[in-house]
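Protein chains in written order, with UniProt numbering: chain X, 1 to 404; chain H, 1 to 321.
Just to be clear, a hint being listed does not mean it is correct.
[What the hints assert, rightly or not] Stretch by stretch, here's where chain X covers chain H in the computed footprint (C-beta under 8 Å, at least three residues): (1) 56-66; (2) 80-88; (3) 126-138; (4) 167-174; (5) 293-299.
These aren't lab readings, by the way, just hints derived from the structure by calculation. Cβ coordinates follow ideal geometry from the N, Cα and C atoms, glycine included.
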Amino acid sequence: MSRRVAGAAAAIALIAGLTACGGGSDAGDSPTLTFWMYQPRTPQAGQIYEDLRKGFEKANNVKVKYVQIAKDDYNTKLSSAIASGTAPDAGVLDQPLVSRFALDKTIVAVPDGTIEEGAYYKGALDTNLSEGKLFGLPLDQTTVGLFYNKKLVPTPPKTWDELKATVNQIHQADSKIAGIVVPKGDGYGAWMWPGFVAGAGGALTDDANKKVLFDQQPAVDTLQMWVDLLPSSPRQITDSDNAFANGLAAMMISGPWDVSTIKDQFPDLDFSVAPLPYKTEPAGNIGGENGVVFSTSKNAALAWKFLQYITSDTNNAKFADAFGGYPTNIKAAEQTAATIEPQQAAFLEQLKVAHARPAVPQWIQVNDEIIAPALEKALSGKATAQQALTEAADKTRSLLGWNS
Amino acid sequence: MANPVLADRSTATPDKPGRRPRPGFGRRDHVVGWLLLAPALVYFVAFLLYPAIAALYYSFTDWNLRSSPSWVGLANYTDLLFDDVKYPHFWKSVQVSLLYTLVAVPLTLVAALGQALLINAIRKGSNLFRLLLFLPVVTAEAAVGAIWRWLYDPQYGLINIILGWFGVPPQNWLNNPDLVIPALAFISAWQCGISMIIYLAGLKGIPDSLREAAVIDGAGPVQRFRKVVLPMLRPTTFYLLVTGVIAALQVFGLVYVIFSAANKSVTGGPEQAGLTYVLHLYLFAFRYDAMGAACAMSFILLVFIMIITALQFKFVKQEAA
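Could you put the whole structure together from the sequences, leaning on the hints where they help?
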């Protein structure tokens, strides 16, 4: 008898356990838009997202459901959701992923007439391109600039020549201080490098004609410039933790995230940020996130409306700030510019001349596995800039199947 | 990475015939038995067996996690091994992991045995020291990474300061490609707590009579260590060697933390000197959209680990003498 009871209890427990895993579905009259995004960085940011959500719900008589996921897990969770057919209506996507997702038709192109292209920064808008078509709207953007220690560098260098001169002068005056933290030949350095190449009038690729260009003069000159900075900026000094903030390096290339970190942790450091020095024209790189609509969405029109809403003149400044970047909407950026701290102004200025990464689905791999080692090869003196880049460009052509 | 629990070989006792009749099919015990086993079986099938089989299947496909996988046969395997356009750093990552294993495992064993001998020798406060030496094992990997970045700092690092007392010029540990692996191996030796505890258990298991007999025969401390302690510890050393090699070949978290924290870059340190096999695998799985190739890498590693382990069982002495 007791066995039978035990058996039945076990069976019930098991069935209960299994059914508990299935979720309920919410029913309602107004359509619900699901939007995936990163977890808010701060409670204040979370509040901004909430306010925006309520504003949209009220104006359109719909429901918006945020699914907020830790940034580190976001891409994996999103991929699993897509694979299992439970993709959201819309979501945030890291810039270099747009062309990948467009390639396998996971996301849909921006319908004609949805947006006024001139309302957005060109660099940010271009990060949504795949095969010449837009597949998302830019939500926020970021870039890197030249951080300089005001005590060591009274006026920031504008051009490469001025940069080299300043760096030499600083290291000669005090051999314990490095002129600048020269970026490394790693994935991060390879992300910053194109901003300098554009400053010499060059580009890494010509996507439309499937041409690799980073073995040409502007790219070679750029890498050579980095190499030339090294003697006055020894790695032994600049590899120290927080070399710039500790006053060991007079300048560094970094993004807005370091402004607040340095202000918090090194309040005594008198520093500011200038646009990147250039050779022939001001330029910079770009990072940030885009908003995309998934091909399985049944509320696509509403999803585009929501993306327009968070990138609008009135809302984009709030949204981008909560996200930790700068507005992509030009009018919204003007509001930001009016209230911004002096150290942040240079980034916003530079984003006007920022260039999007090549819209190539394999770009992250090219960046990490081919360009980064080539930069390091030249920086460590194991090859000349030209040799390293010629080899890297050939490898890239083979990998992408671009044969010229 | 924690070591697995000591394997217990004694559980596999053969069935004795005629002891008890096997329960017949359809009997109540039988049903209840299966039901009670069900949670464990469901867990095993859903979280261990199914993923392993699925990974094997995906290793024969081109799959980006999002769209449906397309069958490519052995292409992932052959491309990984022979196509250096698609996978320019595959062999580099093999080399990095092998070098790491070669340096880290002996260093860890020596450190663990040294610590175990010290703790075994002291009478008072051995619990305290055992706890202190075990702390690195239970410290969060991110904290370990941050602490060691400081210790290895080229300007202020304690390691350079100590080496400076002996006239060694300051080194740029984590940024000089030649020093990356030794630096990482040293951290793993510092985290040898689990091996230390197992060695300590081994030391306690050496009968006092053996030591006393050796003393009576006139053996000094060095001879006693070489002729009594080391041979008696052979099964322990063998176990730690086998599990240590397996763990070292799969090292991932440490390199990921060390190089991504400060450099915002996960590409494995200077000139890919810290691009271990599993870090390389991770990058293809989650950064370069090539889950199929990553699954193939994991099976190549599995086969490699099986071969290495079999070789160790064949060629390394494992019985106490």
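Here is what the structure says about each hint:
1. Note: the region 56-66 of chain H has 3 residues with beta-carbon separation from chain X under 8 Å; the three-residue rule is met and the coverage holds.
2. Chain X is given as covering the region 80-88 of chain H, and this holds because 3 residues of the stretch bring a CB closer than 8 Å to a CB of that chain, at least three being needed.
3. Proximity of the region 126-138 of chain H to chain X, defined as three or more residues with a beta carbon under 8 Å from a beta carbon of that chain, is not established by the 0 residues found.
4. Residues of the region 167-174 of chain H lying with their CB closer than 8 Å to a CB of chain X number 3, which satisfies the three-residue condition for coverage.
5. As drawn, the region 293-299 of chain H meets chain X at 0 residues by the rule of a beta-carbon pair under 8 Å; below three, the given contact is violated.
This entry does not satisfy hints 3 and 5, going by the numbered hints stated previously.
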